[in-house]
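Undergrad: Protein sequences appear in the order of chains W and S. Numbered as in the numbering used here, the first sequence ends at 882 without a single skipped number. Numbered as in the numbering used here, the second sequence ends at 882 without a single skipped number.
FYI, nobody ran anything at the bench for these hints, they're computed from the structure. Please note that a few of the clues may not be correct.
Same chains, same names: a pair is fine if it fits in one copy or spans any two.
[To be verified] Below, in silico cross-link-like pairs of lysine-lysine (BS3-like), each with a Cα-Cα straight-line distance of 30 Å or less: (1) 605 - 734; (2) 417 - 489; (3) 417 - 628; (4) 266 - 358; (5) 421 - 485; (6) 786 - 628; (7) 6 - 80; (8) 385 - 489; (9) 385 - 485.
Number of protein chains: 2
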Amino acid sequence: MVEKHIYHFSEGGQGMRAVLGGKGAGLAEMTRIGLPVPPGFTISTAACREYYEQGDLPAGLMQELTAAVQRLELETGKKFGDPTNPLLVSVRSGAEFSMPGMMDTILNLGLNDEVAKGLAARSNEKFALDCYRRFIEKFAELALQMPASAFSGSVEELKFRERIKWGDELSLESLRRLVAEHLTSVHAFTGQSFPSSPHDCLQKAIKAVFASWQNERAKVYRRLHQIPDSLGTAVTVQAMVFGNLSSLSGTGVCFTRNPSTGEKQLYGEFLAGAQGEDVVSGARTPADLSTLKSLAPSAFAELQKTALLLESHYGDMQDIEFTVEEGRLYLLQTRVGKRSPQAAISIAMDMLRDGKIEHDTLLSRITPEQIEQLLHRSVDYTKNPQEIATGLPASPGAAVGVIAFDNEAALRLTKTHGKVILVRPETSPDDIQGMITSQGILTSRGGMTSHAAVVARGMGKPCVSGADALNFDLSQGTVSIGKYVFKEGDELSLDGSTGKVFLGAVPLVEPRLNDDFWALLCIADQKAALGVRANADNPLDAALARRFGAKGIGLCRTEHMFMEPGRLPIVQAMIMAEHEEDRERSLQSLLPVQRHDFYGIMKAMDGYPVTIRLLDPPLHEFLPSKDELKEQIVHAIDPRERIRSERALRTVERLHEINPMLGHRGCRLGITFPSIYAMQVEAIAEATFDLLAGGHNPQPEIMIPLVAHHRELLLMRRLAESTWHRVELRRKMNYPVPIGSMIEVPRACLVAGEIALHADFFSFGTNDLTQTTFGFSRDDAEGKFLPSYVAQDVLPQNPFAVLDIAGVGQLMRLAVKGGREAKPSLKVGICGEHGGEPASIKFCHELGLDYVSCSPYRVPVARLATARAKAKDKPESTDK
Amino acid sequence: MVEKHIYHFSEGGQGMRAVLGGKGAGLAEMTRIGLPVPPGFTISTAACREYYEQGDLPAGLMQELTAAVQRLELETGKKFGDPTNPLLVSVRSGAEFSMPGMMDTILNLGLNDEVAKGLAARSNEKFALDCYRRFIEKFAELALQMPASAFSGSVEELKFRERIKWGDELSLESLRRLVAEHLTSVHAFTGQSFPSSPHDCLQKAIKAVFASWQNERAKVYRRLHQIPDSLGTAVTVQAMVFGNLSSLSGTGVCFTRNPSTGEKQLYGEFLAGAQGEDVVSGARTPADLSTLKSLAPSAFAELQKTALLLESHYGDMQDIEFTVEEGRLYLLQTRVGKRSPQAAISIAMDMLRDGKIEHDTLLSRITPEQIEQLLHRSVDYTKNPQEIATGLPASPGAAVGVIAFDNEAALRLTKTHGKVILVRPETSPDDIQGMITSQGILTSRGGMTSHAAVVARGMGKPCVSGADALNFDLSQGTVSIGKYVFKEGDELSLDGSTGKVFLGAVPLVEPRLNDDFWALLCIADQKAALGVRANADNPLDAALARRFGAKGIGLCRTEHMFMEPGRLPIVQAMIMAEHEEDRERSLQSLLPVQRHDFYGIMKAMDGYPVTIRLLDPPLHEFLPSKDELKEQIVHAIDPRERIRSERALRTVERLHEINPMLGHRGCRLGITFPSIYAMQVEAIAEATFDLLAGGHNPQPEIMIPLVAHHRELLLMRRLAESTWHRVELRRKMNYPVPIGSMIEVPRACLVAGEIALHADFFSFGTNDLTQTTFGFSRDDAEGKFLPSYVAQDVLPQNPFAVLDIAGVGQLMRLAVKGGREAKPSLKVGICGEHGGEPASIKFCHELGLDYVSCSPYRVPVARLATARAKAKDKPESTDK
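Can you make the complete structure from the sequences, with help from the hints?
TA: Written out as structure tokens, the structure is:
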């Protein structure tokens with residue numbers, strides 16, 4: 003038995019995405035439901051995988067291909083390679099998950115000198131030559147590995163001579179010369195004539211499309227979107243219809259809804275007298291659909307009808323490619339449309355309200371990343387930013403950064419300047435790395451469906467496209483906008499929601515979130531098993547977190563309170579105290595201040611738990627640096643000042659640590675300086691009883707950091723309890739305060755059963771746990787070797803961003819198991835940065851944690867992620 | 003049913019140590035085999051435990067006690083409290099494990115004014131009063147908590163007035179006054195008369211002995227010897243016999259063999275006209291046994307006979323306390339005798355040869371700590387050290403250090419000067435802390451069985467006792483020896499093997515190890531399952547390790563080679579290289595040097611494996627410090643010199659790390675700078691083939707440090723293999739070099755199965771693994787919080803010294819399981835410092851490791867420990 007590798011459109015359907023790729027499956031499905039699709043067939047992804055395994059096309063594929071072409075000839079009534087009635091085909095890539103523009107496509111295949119002449123005779127010569135020169139250019143580049151630049155020089159020359167902007171406006175004479183020159187160039191480059199056998203070309207084209215699965219930009223895109231390298235691409239071979247046949251022809255792309263706002267309207271672009279690649283490449287800026295409406299009203303009406311039908315059929319907004327040939331509509335592709343985060347929510351909520359989707363589908367349609375993008379800030383127009391150009395609002399959001407003209411500069415300037423805006427005439431798939439690196443993208447050419455626009459929307463990055471006020475002088479390395487001349491490294495801002503470009507760095511404002519946004523999160527909350535708390539150290543952040551929907555504070559750090567300018571001198575005096583009484587005096591001055599801090603935070607979170615971590619960082623962090631103090635000593639005028647600085651210097655030298663991350667911090671401080679922790683507990687207790695007395699509902703929890711041995715927790719628990727009871731007696735009130743442990747070093751996970759006996763709750767500190775499990779200092783690793791680790795694929799990703807489930811996760815699993823076996827009532831949460839990262843949240847859900855805690859701005863992200871974690875059998879998104 | 007708490011000697015035996023304590027069991031056993039033991043009974047350790055649980059003596063104990071005393075009255079024909087024929091008893095402590103001198107004993111109980119008069123009438127008044135004043139002093143101190151100093155003033159006064167040295171030479175008149183003054187002092191201190199009821203005194207004395215279980219020095223001793231606090235002590239009540247009755251009486255202590263050398267001879271001391279405490283307290287320097295022989299020949303002959311009988315009965319060297327009353331021998335105690343490490347080996351090997359013990363018993367008799375002590379260095383007499391005094395050779399070994407007069411000074415000077423010698427007139431159990439801290443002990447009084455001597459031998463510390471040339475002026479804080487006056491902090495040396503004391507710091511020589519030592523280790527090797535390798539970085543250390551019996555090198559660090567003066571500039575140039583070619587050039591200069599290093603080490607270990615770890619430390623460790631470079635820049639005269647220093651400074655600043663322990667080191671270096679590792683592998687390969695060509699048998703193994711993810715090892719393995727193959731091709735030879743992984747971060751343990759797929763062996767680096775598992779930086783922890791952690795019992799011991807089995811050990815268990823499941827042939831060893839620590843070795847044995855690797859000097863220790871680990875059901879030693 004030989005496995006079947008080729009499926010005619012009539013043999014497939016939407017369920018076969020994995021076999022036919024998204025494009026092949028979509029074309030088959032549209033054929034099945036009777037839409038006007040030019041006939042064709044698809045070579046399966048399995049053939050691609052075999053091609054990579056064997057280094058050649060699978061056995062038997064050529065016979066199947068010959069048969070498939072014959073069937074296509076029957077269906078079209080045309081003949082492949084026959085000058086009198088030639089069949090031309092497109093050869094298009096299409097993987098299971100959409101990778102727009104990442105892989106290659108060859109149009110107009112089936113032409114050679116003879117066929118071109120025949121085609122000219124049947125239609126018109128200019129059309130035939132335009133098809134031929136397009137075919138030669140693309141085929142030579144992709145199948146013969148001839149660099150694109152070998153042609154572009156002569157096209158540019160022609161354009162300059164004829165004073166025209168676009169290649170397709172060339173005169174017949176020029177086209178003739180161009181084709182002749184192209185053929186000569188190919189011969190010069192390859193040493194052979196351009197291949198004249200259409201069958202031979204088809205085989206080469208199929209191989210070229212398979213090969214494009216492994217090109218650099220496709221690999222980068224897959225890594226970015228976590229698409230497995232092993233899937234492979236399908237190849238679709240389809241009879242050509244020609245948007246460049248006449249002035250009643252054209253090609254377009256449309257969305258069934260507005261992809262930026264979600265508004266329910268047909269939204270798209272059309273380019274008359276052009277082939278598909280002209281629209282998506284951004285080489286020409288297309289007009290909107292009204293052009294089509296006036297040019298071919300019946301085709302437009304059919305498009306409208308088809309759009310509604312397809313959206314309803316697929317139950318989601320569609321992105322449709324179409325061609326109009328002599329006034330007749332043909333559909334070339336339909337897929338789930340990429341959309342802005344705001345549009346994603348509006349569309350999904352709209353469909354929910356219309357009863358078209360359920361809650362689970364709703365939650366699967368919005369990714370946590372989209373929620374995050376919506377929380378981005380926007381341009382503050384009240385500050386009158388200086389507008390210098392306007393383009394198309396291609397992808398919403400505001401970006402501020404320095405100008406970079408290419409990938410290399412984007413990487414370099416990100417290191418030196420932090421934030422970068424990629425500014426280019428237009429983008430191509432080769433620019434993907436620079437787009438990933440930059441904060442936003444600005445192009446002078448291309449429309450709303452150009453490469454730059456589509457990719458930027460997919461990434462959730464702001465983009466302004468087609469801002470034609472930009473004039474590049476790449477030889478000088480400058481771009482001028484009006485009277486301003488910018489070079490790389492100069493600052494610029496843009497607003498992808500309005501298409502405006504601004505001089506310098508403009509002020510930004512917080513995001514405005516609409517009702518759909520909040521409604522979505524409420525639905526998520528109902529679904530989620532994990533609670534969401536926030537990490538917040540002050541009443542303002544606590545209030546913000548509460549507005550974002552946090553149900554408590556999972557980590558209230560107390561060190562930032564110590565750092566506040568008015569308090570730092572007291573803290574420093576406390577640290578430098580040589581006698582216990584002096585230390586005690588300083589602590590007594592800190593007590594009312596801390597009490598006030600805790601009062602404010604618990605009041606802002608009234609009714610919800612607030613987990614307060616006792617002092618964690620090494621004490622030297624509160625003192626000036628050695629170099630600073632040495633300066634102060636040299637320049638001191640007041641001798642008392644000098645003595646103070648000298649004492650501070652001695653203290654700093656005494657406290658100096660070789661590896662402060664692993665040094666005298668956390669509960670180690672509490673054990674050696676119990677009076678500091680006692681003061682903090684007293685302040686929490688006083689604040690609690692003040693609030694209780696005022697009729698509030700404070701819910702403090704005391705958390706001991708960096709516990710590695712159960713006796714550390716036991717000692718600190720005793721200290722906290724006795725302090726708490728003393729305040730209870732004094733205040734004649736009581737409140738049973740829970741006392742728990744951070745779990746942030748491997749040993750704590752390994753002996754969690756022992757620790758749990760003294761803990762009311764655990765909270766994973768996965769930042770430190772990742773550092774100690776890997777033996778990576780984050781501060782050093784991220785600057786020194788981690789980027790090269792990820793780049794060299796030593797690690798699949800930065801473990802400080804995405805939880806390392808195999809290592810750190812295994813320790814967490816041990817800790818939850820050990821802790822809950824020893825104490826089934828143990829509450830367990832996570833308060834490391836991973837608590838706001840969707841993949842890590844999913845793992846926390848699987849572990850059975852009670853809550854995640856993250857920074858206030860990530861609370862909405864976490865709320866959605868916790869709900870999606872529960873629907874674990876659902877894919878991350880219907881469309882990657 | 004009421005539990006029995008009191009056992010007469012005739013009811014017990016050696017098997018009841020846990021119930022009767024060592025002393026009670028020994029007395030019962032000697033009674034059982036018919037030796038002359040004064041009658042008595044023992045109150046069980048269970049009674050002591052109940053006393054601590056209930057805060058009072060167990061119910062029913064008083065009735066049992068009354069009955070036991072009545073039985074004792076019957077056996078002795080004397081009556082407790084009867085002035086006409088008084089029964090006096092001793093009340094003595096005795097725990098399961100010997101704690102010599104740590105707890106309290108009260109002699110002569112049964113006396114009051116009336117009884118003393120009666121005793122005087124029956125014997126002589128001076129004897130009666132001597133007994134009475136001893137009883138009052140001891141009882142007041144221990145049962146009435148009256149400080150000893152309240153009496154000693156008046157005794158000292160009397161001694162001064164009567165120009166005599168010892169209390170027992172006081173005149174009758176003085177003794178009468180002393181007793182009267184003592185009774186007045188007690189009344190003044192307690193507000194009550196000295197208790198006149200012997201039964202009342204007995205009850206109080208029993209409580210006092212129970213209480214002494216928890217005195218400070220006993221607790222310190224137990225912690226040092228790992229004796230559980232929960233055991234409790236027994237109390238033995240025994241009819242008194244009187245060494246102070248007449249000039250034909252006396253008391254003594256003897257060993258069945260020489261405790262320093264192991265020589266088979268009766269070895270002991272005798273003090274005529276004295277009670278037991280005079281000998282052990284070191285308050286008087288006793289004579290040797292010849293005194294007894296001339297004084298009471300038949301008692302001496304019986305002692306000789308008894309000693310042989312007891313040693314044979316117990317199968318081990320005994321330490322016997324005896325008293326001679328009017329020429330008649332009585333035995334008061336027998337126990338396994340403490341002995342020097344050298345004696346321990348000689349005695350055990352002698353008994354093995356005599357067929358008295360088996361291999362397992364032999365191995366259980368010698369502790370790894372004793373092996374370690376034998377490896378201590380001794381005084382180099384060829385350098386003519388300046389001898390200034392001679393005392394008794396109380397505990398062998400040489401010590402060099404600065405003088406400390408008490409515990410506090412010993413602790414303080416250890417911090418500032420490193421090594422300390424405790425110098426005292428005599429030591430008492432209160433000095434235990436200072437003895438632990440010091441390198442050696444020197445006393446001016448006391449014999450071979452004095453407190454100082456016994457405790458020092460137990461600790462394996464050098465001690466010279468009874469060096470009467472020492473004259474203390476404690477008011478001035480000085481001690482003079484001949485013409486030299488020393489104060490605290492002055493340097494001194496002593497040789498505990500010869501009793502000599504030297505001026506200043508004398509040169510030491512390596513230990514001389516006798517045939518018994520090597521024979522013992524050969525027996526150990528036959529027994530052991532674990533192999534023993536050494537950590538060595540150069541041919542000299544490798545040769546030394548081999549002499550000590552190492553069967554290979556488990557860790558050859560390469561960083562020390564980089565640090566050698568001639569090479570450092572090349573290494574620095576390599577690090578500062580701005581271009582890859584410059585780095586390559588420096589590496590090419592290092593190649594022949596490294597090749598030579600590896601050649602030498604493998605040659606020294608010919609026929610055994612040598613595990614070479616590729617470069618591990620962060621590169622900045624090879625550069626001067628920032629401060630040094632800044633100095634150099636300021637003071638540079640040659641401008642090229644300045645430019646070099648400036649470049650070095652920039653490199654240092656670039657390489658600076660916040661937490662270097664967790665930074666850019668180990669295989670992270672290999673991944674970012676593959677050329678360094680490639681050079682090292684090439685050097686190992688060249689050295690291997692040079693040796694093979696010369697007919698040697700090199701067995702290199704390449705070890706990759708700090709692996710946390712299997713891909714790190716995979717990349718480095720590929721690099722090493724391709725380099726190795728290149729040399730194989732060039733040399734036309736081949737050798738299949740094993741490549742393995744350090745396991746030294748928690749993640750490596752957690753994913754050991756994945757790592758094992760790319761590893762031929764694992765080697766645990768437990769130093770780093772302990773650091774990362776606890777989140778402790780050793781450099782910081784040991785100086786800052788670890789001592790206070792151990793002191794506050796947060797941790798049972800320093801985890802860098804003794805492996806933390808609960809935490810780090812659990813990770814090791816996971817790693818061995820994961821690694822061996824993935825690859826059953828995986829060889830696993832340990833090369834952290836724990837590889838030479840006996841308790842950690844025992845755990846490694848239980849884990850099924852293949853070998854331990856430790857520093858050369860610890861190889862013999864490890865050899866014994868590996869054998870003892872296998873005999874795991876045996877206790878650590880027969881005598882704690």
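Undergrad: Each hint should be assessed against the structure and marked as holding or not.
TA: Hints, one by one, checked against the model:
When the C-alpha separation of residue 605 and residue 734 is checked against a cutoff of 30 Å, the pair qualifies only within one copy, where the shortest distance is 21 Å, while the shortest distance between copies is 79 Å. For the identical chains of this complex, residue 417 and residue 489 are intra-copy neighbours only, at 17 Å inside a copy versus 63 Å across copies, given an alpha-carbon limit of 30 Å. In this assembly of identical chains, the alpha carbons of residue 417 and residue 628 lie at most 30 Å apart whether taken from the same copy (28 Å) or from different copies (25 Å). When the C-alpha separation of residue 266 and residue 358 is checked against a cutoff of 30 Å, the pair qualifies only within one copy, where the shortest distance is 14 Å, while the shortest distance between copies is 101 Å.
Taking identical chains as interchangeable, the C-alpha atoms of residue 421 and residue 485 lie at most 30 Å apart only when both belong to the same chain, with a minimum of 24 Å there against 79 Å between chains. For the identical chains of this complex, residue 786 and residue 628 are neighbours both inside a copy (24 Å) and across copies (19 Å), given an alpha-carbon limit of 30 Å. In this assembly of identical chains, the alpha carbons of residue 6 and residue 80 lie at most 30 Å apart only when taken from the same copy (25 Å versus 114 Å across copies). With identical chains, the CA atoms of residue 385 and residue 489 are at most 30 Å apart within one copy only, with a shortest distance of 25 Å there and 79 Å across copies.
When the C-alpha separation of residue 385 and residue 485 is checked against a cutoff of 30 Å, the pair qualifies only within one copy, where the shortest distance is 22 Å, while the shortest distance between copies is 91 Å.
Checked against the numbered hints given earlier, this structure breaks none of them.
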